[in-house]
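> So the protein lines, in turn, are chains U and F. Per our numbering, the first sequence starts with residue 1, numbered consecutively. Per our numbering, the second sequence starts with residue 1, numbered consecutively.
Hints in this document: simulated from the structure, not taken from any laboratory. All values derive from a computational prediction rather than experimental measurement. Built from N, CA and C at the ideal position, the CB exists for glycine as well. Fair warning: there could be bad hints in the mix.
From chain F, some residues computed to sit far from chain U (all C-beta separations above 12 Å) [what the hints assert, rightly or not]:
no.	residue
1	N249
2	N328
3	R421
4	L428
5	V479
6	T492
7	F703
8	I716
9	S725
Below 30 Å or equal to it, Euclidean Cα-Cα: the simulated BS3-like pairs (lysine-lysine) are [what the hints assert, rightly or not]:
no.	chain 1	residue 1	chain 2	residue 2
10	F	K443	F	K364
11	U	K181	F	K171
12	U	K59	F	K171
Which bits of chain U does chain F cover? Going by a derived footprint, with three or more residues having C-beta under 8 Å, they are [what the hints assert, rightly or not]:
no.	segment
13	21-33
14	38-48
15	149-160
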Amino acid sequence: MGKMMFIDLTRCTACRGCQVACKQWKSLPGEATRNTGTHQNPPDLSFNTLKLVRFSEPKVDGKLHWLFFPDACRHCLEPPCMGQANLDDEGAVIQDEATGAVIFTDKIANADAEAVRTACPYDIPRPEKDGKMSSKCDFCIDRISNGMKPSCVHVCPTGCMNFGTEEEMRALAKTRLEEVKKHYPQATLGNDDVRVMYLFAVDPKNYSYNAVAEAAPTGPMTRREVFASLAGKPKA
Amino acid sequence: MTNYWEDISNSDCVLMMGCNPAENHPISFKWVLRAKDKGATLIHVDPRFTRTTGHCQLSAHLRSGSDIAFIGGMINYILANKLFFADYMREYTNASFVVGSKFSFKDGLFSGFDAKKKVYDKSTWAFEMDANGVPVRDDSFKNPRCVLNLLQKHFERYTLDAVTAATGTSKEDLLAVYKAFASTGTAERSGTIMYAMGYTQKTVGVQNIRSMSIVQLLLGNIGVAGGGVNALRGESNVQGSTDQGLLANILPGYIDVPKSSFAKYEDWVKASTPVSKDPKSVNWWGNKPKYIASLLKSMYPEATLEEAFQMLPKVDAHRKMTDYFWLNIFERMHKGEMKGLFAWGMNPACGGANAQKNREAMGKLKWLVNVNLYENETSSFWKGPGMKPESIKTEVFFLPCAASYEKEGSVTNSSRVVQWRYRGPHPLNNVKPDGDIMLELFKEIRGMYEKDGGAYPDPIKALNIADWEEHNEYSPRKVARLLNGYFLKDVTINGTTYTKGQQVPSFAMLQADGSTTSGCWVLCGMQPAADKHLGMRRDKTATEMQANLSMTPNWAWAWPVNRRIIYNRASVDATGKPFAPQKAVIAWKDGKWVGDVVDGGGDPGTKHPFIMQTHGMGALFGPGREDGPFPEHYEPMESPLKKHGFSNQRVNPVAYLLPTEKLAIADAKFPHICTTYRVTEHWQTGLMTRRQEWLLEAEPEVFCEMNPALAKSIGINNGDRVLLSSPRGEVNAVAMVTERIQSFTIMGKEVHQIGLPWHYGWVTPNFGGDSANLLTSSVGEPNTGIPETKAFMANVRKA
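Please model the entire structure based on the sequences and the hints provided.
Written as structure tokens, this is what we have:
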């Protein structure tokens, strides 16, 4: 069964407690940013920014919305990054048996960082600047293995971020979808083959380019894996 | 707050106006969203579309500085359509009181106006009294001078057309908001108002709150669960500091500061203590002599009350209180009339309105002491932008102090809940808690008086500091005991004898004869025994009735007397039956009150519910304020209009305004309405947060929000650098071009609204930009002296 996170975007206020709590728990440095005309900052996920609240201001049916999307690894049930990275080094990416967390190990340094990023349907992993590592959210594996919630969930003030067993979270997602329909008739759940499930108030495309993945990969190998093998990878 | 944070979730309609809780009080939004889950309508009224707006089913935009017009329209709508809660209004407010014949209102001015001194003679606003000295009531509401009819007459001018012209809000939006909120004018339903600096930092700040109080009284929304008038405090302990009298006009416990015209102690007591002849009026302030005496005894236990009174500093009776507030302190400093300044936990170089003036003013001091965590724009003002260090003679001392987590003590939050905090890490070497700095400083000064003498050393020499310290260190625990108060000798009250040194169990036992101490009477009961501070309680148990309201009476302690909803007696009828049984606050059951701690005590129907009001009634007509018994729309001191539609009185006639103030009024050089605000990531002037890399990376520098039409007209693209200017100064910022901020049509004139956050300063980061208060003016509200930083005029152009 494993663990799961349910992110109810109808409750997000973009307080960015999750973004900051992630850096605090992991002792990650702040980036040297500038204001570029948006509150979204740092501008993108990076090697040191594993959780980022994305901002968008679309007009949906003529009505202005201000949408927030706490973006991080979705912890896919069948993670394409693992398939890709482990072609280079078996054990670069592992999936924790108890929780289902998808974790980059030190061996990720031996994997093709760009290929790992490209393999991700949500464009999450980010390479180290001037280095060989890649990084992404690890589901706070140290916390959740000790009965705690992930740092981002722990600090969320509004009930946007939730964490529990897969069964609990799927049930909560279903209940919340029904409840929010009265305020948000277009509400919909995002991809469900992941351990981080989102509830969107309007069409997910309004939130972020990577809010949902188009379609789950099919067949024994992902397209990326096929592409990688044709291109002569893994290293012979 | 009349109510408490969790209680917001009990509301049927949450009106957020003059505030942006999703961004600036993020935890409060937990309760706002729970109210929505339970079916409440959320409303946001603000110049901008903010992160709060996005969660609301209803929203309306108004230009900065037009709140009274907006709410005045709601009052008119409620009265015209008879949507008030009639029983509540008749029995619990002063709607039926008859106002004396001297009262009038004409063309924007109330009776009693002295045009030369710019003050009102408030005696012309007095109620008519009967032979027994009780206000005359007309429950039939036929007397044209009864409050309800005066109110109706006053606000019938606030038609939809007039309000739209003043606010720029569409009539559809006005009506939708009015209709939704007025729907709470029934026994069962309740609506709450959350407000913050968007209401208060105006030259009509107090009247903004008054206008919303009138709405809440008409709708029967005060004293009830999910109702109230709720100030979202801007710092964790602002409620606590207000309780401790950190204002020029009050001493701890909201006791009026003594004036030079009081020759004797009894003159002060008499002038401060209201009298009611109505047997049903509790008139709690009638107890003020006990609180004043106990305060004096906490300071001077050895002195008689008369001697203690003589030792207190007095304000000059012939001066306006605004002469003593913040803006005038800096005015006097700017004129070179002040020698020294303690800027204690303050950063006036950024946080005070008209920041450049403040910076110049500090250059005219002989000495400046800044007590703070880090170097900041105040301690370093002399080397700031445009300063010539070689010409500044001010000697600056910087005293590093401990952060809140490095010391213990209590914090009083917006819910009036006093919660004890224990110390986390120890402060670094040579860094001390504020209390220790103060104690050491005091001892040093006293030593100098003892050694060298000086003018009138008595108040310094006699001050009780024994209750501040333990083992030669400042003791928050002892101070808490003193704030609560103890008996100075054995006292018998109603057959029970309290011994000398014993803590006073409740403020009902404080004495007027000098036999008790209490440093702040509202806190009496907080520490009923020397080793028992109720703010240390962490017990979530509650009765079923309390739990139904998410009320936690055993968690810490709330003043007064652990009452969580004040004026809760207004939530029941004359038999003690709750108006809204499904969310009852109190109820009379089997011969006693259950639920919250009832206001006033006694059997149902025996007391008027508004016990802090002299006559026991909610004040639709409020004759105590400096600027009128009813709110009235005036323009902000700076506005795009030379004339508005409500009267020929352009601005609040008694506001604080210096003759030297440079103002932009319908001035083409400063065509845009500007306001300031906060972001979630930074706190106040950013002193703590601008040094925190995770917060700084999220909001690294000052920005100016403007709408695309304005940006296009001045050739600005999103992210460009722009220069904002006002008659006071300039601020360089990054343009944030967004549909979330609009233009308004005000009296037929299209005006753009712009805004910027005020958290930044030149010390750090070096690219972050400077304070938004370089733009704001030194005009102030007449009751509190608060500056009008939320509505002023500015220009913006490409930098």
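> Take the hints in turn and mark each one as holding or not.
Taking the hints in turn, this is what the structure says about them:
Annotated as non-interface, N249 (chain F) keeps its C-beta farther than 12 Å from every C-beta of chain U; the closest such distance is 36 Å. The Cβ of N328 (chain F) lies farther than 12 Å from every Cβ of chain U, with a closest approach of about 36 Å, so its non-interface assignment holds. The claim that R421 (chain F) is not at the interface with chain U holds, since no C-beta of that chain comes within 12 Å of its own (minimum 19 Å). Listed as a non-interface residue, L428 (chain F) keeps its Cβ farther than 12 Å from every Cβ of chain U; the least gap is roughly 21 Å.
Non-interface call for V479 (chain F) relative to chain U: holds, since the shortest CB-CB distance, roughly 32 Å, exceeds 12 Å. Every Cβ of chain U is farther than 12 Å from the Cβ of T492 (chain F); the closest lies at roughly 51 Å, confirming the non-interface assignment. The Cβ of F703 (chain F) sits about 5 Å from the closest Cβ of chain U, inside the 12 Å cut-off, so the non-interface label is violated. Taking the minimum C-beta to C-beta distance to chain U, about 10 Å, the non-interface status of I716 (chain F) is violated against the 12 Å cut.
Consistency note on S725 (chain F): stated as away from chain U, and its beta-carbon is indeed over 12 Å from all of that chain's, at 20 Å minimum. Under the criterion of a C-alpha separation no larger than 30 Å, the hint pairing K443 (chain F) with K364 (chain F) is consistent with the structure, at around 28 Å. A threshold of 30 Å between alpha carbons decides the hint, and for K181 (chain U) with K171 (chain F) the separation of about 29 Å falls inside it, so the pair holds. A distance of roughly 23 Å separates the Cα atoms of K59 (chain U) and K171 (chain F); the hinted pair therefore holds under the 30 Å criterion.
Coverage of a stretch by a chain is defined here by at least three residues with a beta carbon nearer than 8 Å to that chain's beta carbons; for the segment 21-33 of chain U and chain F the count is 7, and the condition holds. Note: the segment 38-48 of chain U has 4 residues with beta-carbon separation from chain F under 8 Å; the three-residue rule is met and the coverage holds. Under a criterion of three residues with beta carbons nearer than 8 Å to beta carbons of chain F, the stated coverage of the segment 149-160 of chain U is upheld, 3 such residues being counted.
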